[in-house]
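Here the protein sequences line up with chains A and B, keeping their order. Under this note's numbering, the first residue of the first sequence is numbered 1, with each subsequent residue one higher. Under this note's numbering, the first residue of the second sequence is numbered 1, with each subsequent residue one higher.
Honestly, the hints are just simulated from the structure, not real lab data. Any given hint could turn out to be false.
[As the list claims (entries may be wrong)] Stretches of chain B that chain A covers, calculated by requiring three or more beta carbons in the stretch to come under 8 Å of a beta carbon on chain A:
no., stretch
1, 10-17
2, 40-54
3, 61-75
[Claimed, not checked] Cut-off 30 Å, straight-line C-alpha distance, at most; resulting in silico cross-link-like pairs (DSS-like, lysine-lysine):
no., chain 1, residue 1, chain 2, residue 2
4, B, 71, A, 170
5, B, 3, A, 152
6, B, 71, A, 76
7, A, 170, A, 74
8, B, 71, A, 171
9, B, 3, A, 175
10, A, 152, A, 170
11, B, 71, A, 74
12, A, 57, B, 3
[What the hints assert, rightly or not] Across the chosen pairs, the derived CB separations fall in these ranges:
no., chain 1, residue 1, chain 2, residue 2, range
13, A, 11, B, 103, 52 to 58 Å
14, A, 58, B, 91, 34 to 40 Å
15, B, 103, A, 48, 43 to 49 Å
For glycine and all other residues, C-beta sits at the position ideal for the given N, C-alpha and C.
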Amino acid sequence: MAKRDEAAFDLLVARYQERAYRLAWSMLRNAEDARDLSQEAFIRLYEAAGSFRGRSKFSTWFYRILVNLCLDHKRKNRWWKLWARDEGDDWTDPILERQPAPVTDPVDKLSRERTMKELGAAVDRLAPRQRAAVLLRVQEDLATYEIAKVLKCSEATVRVHLHRALTTLKKTVEKR
Amino acid sequence: MAKHPDTDLVPYLRGELPAADRERVARHLEECPDCRQDTEQLRDLLGQLSRSIGQPPEVNWAHYRAELRGKLEARRGRRVWWWRPAPFLLSASVAGALLLLVAVWGGRETLTGADPFALEEASIGRQLGLLQEYQVVERLDLLEDLDVIRDLDGLSSGRQG
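This is chain A alone, in the form it adopts within the complex (with noise of 0.2 Å):
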């Protein structure tokens, strides 16, 4: 590869490494894991650089490739963590410390932190495409259509995904 496309990349990875390793994270629930997915997604990307066409936003053509490796991975995974049961997730705490504005209450404040954890694993419990439509709409910010691109489906299966992720959840908030 020419050393101009080598900076270009170089650039690339910069921009685009926060947001990979999050959603990455988001995805698997595991640092490890996803800072290893991100890294292949970037070295498919890297490899693939030339099919890149265009047609399509560059964010939503990366995404689709982080968010294909991440589903890929749960799928092999999905026996060896029954099994395990998320041994090693880095899941539990980082939420509560990450909290925004002091609540004065404290019961109050408990109340709340319980419920982000919740809302947080009932996330995690839902379908895959369904919580990766969930988190490129919700973290990455992304409208229906570019979300159906990521997922190649069509945007009526987005809303759909959405609509039944949302009623689940809503019904984890409303137990409370």
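Use these hints to put chain B onto chain A, whose structure you have.
What follows is chain B alone, placed relative to chain A:
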């Protein structure tokens, strides 16, 4: 009352719907308290979700990039082993076959006593390209002859003078 626009509510909240659909959903929400309540709940839920997903553990980005670069190099190295021999062997075979062909043809022409001058001319022609236009070169002689003919009058008048 029209069908509940369940799957349209999220795009509606995000302002993604085309004008006609947006109006349809807005009209429905005015008439349907259940959907209105759902919409409000969805709005809250989407806000809560963005906070509940949390942030991953910190990463040293310089180290991340160095690791990525290492993986990329390793992948390329693997490619070198897997990919290079194939084109190399292919081009070596083609070159060998061509050499054999040239040797056979060259030998045959030498045996049949081909004109060495013609061979040399052909070889130069391939290199120069000029001899590919040999007919034009031949016509240059004619042009020189015309010059001579034109000067004949002068020659004869010179003699006379």
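- Task: Given the hint that residue 3 (chain B) pairs with residue 175 (chain A), test it: the Cα-Cα distance must not exceed 30 Å.
- Result: This hinted pair holds, its Cα atoms lying about 27 Å apart.
- Item | Verdict for residue 11 (chain A), residue 103 (chain B) (Cβ pair) under range 52 to 58 Å | 53 Å, holds
- For the stretch 61-75 of chain B, do at least 3 residues have a Cβ located nearer than 8 Å to some Cβ of chain A? Satisfied; 8 residues make the cut.
- Between residue 57 (chain A) and residue 3 (chain B), is the straight-line Cα distance small enough, at 30 Å or below? Not satisfied, since the Cα-Cα distance of roughly 35 Å exceeds 30 Å.
- Pair hint residue 71 (chain B) and residue 170 (chain A), alpha-carbon separation not exceeding 30 Å: 42 Å, violated
- Straight-line Cα separation of residue 71 (chain B) and residue 74 (chain A) no greater than 30 Å? OK: residue 71 (chain B) and residue 74 (chain A) at ~22 Å, within 30 Å.
- Coverage claim, chain A over the stretch 40-54 of chain B, checked by counting residues with Cβ within 8 Å (three needed): Satisfied; 11 residues make the cut.
- Item | Cβ distance range 34 to 40 Å for residue 58 (chain A) and residue 91 (chain B), holds or violated | With Cβ atoms ~36 Å apart, the hint holds.
- Task: Verify the proposed pairing of residue 170 (chain A) with residue 74 (chain A), using a straight-line Cα cut of 30 Å.
- Result: Judged against 30 Å, a Cα distance of about 24 Å means the pair holds.
- Item | residue 103 (chain B) paired with residue 48 (chain A), Cβ distance criterion 43 to 49 Å | With Cβ atoms ~44 Å apart, the hint holds.
- Take the C-alpha atoms of residue 71 (chain B) and residue 171 (chain A), compute the straight-line distance between them, and say whether it is at most 30 Å. Cα-Cα ~44 Å, so violated.
- Message: Hint check: residue 71 (chain B) vs residue 76 (chain A), CA-CA at most 30 Å. Holds or violated?
- Response: Holds: residue 71 (chain B) and residue 76 (chain A) sit about 22 Å apart, inside 30 Å.
In summary, the numbered hints that this structure violates are 4, 8, 12.
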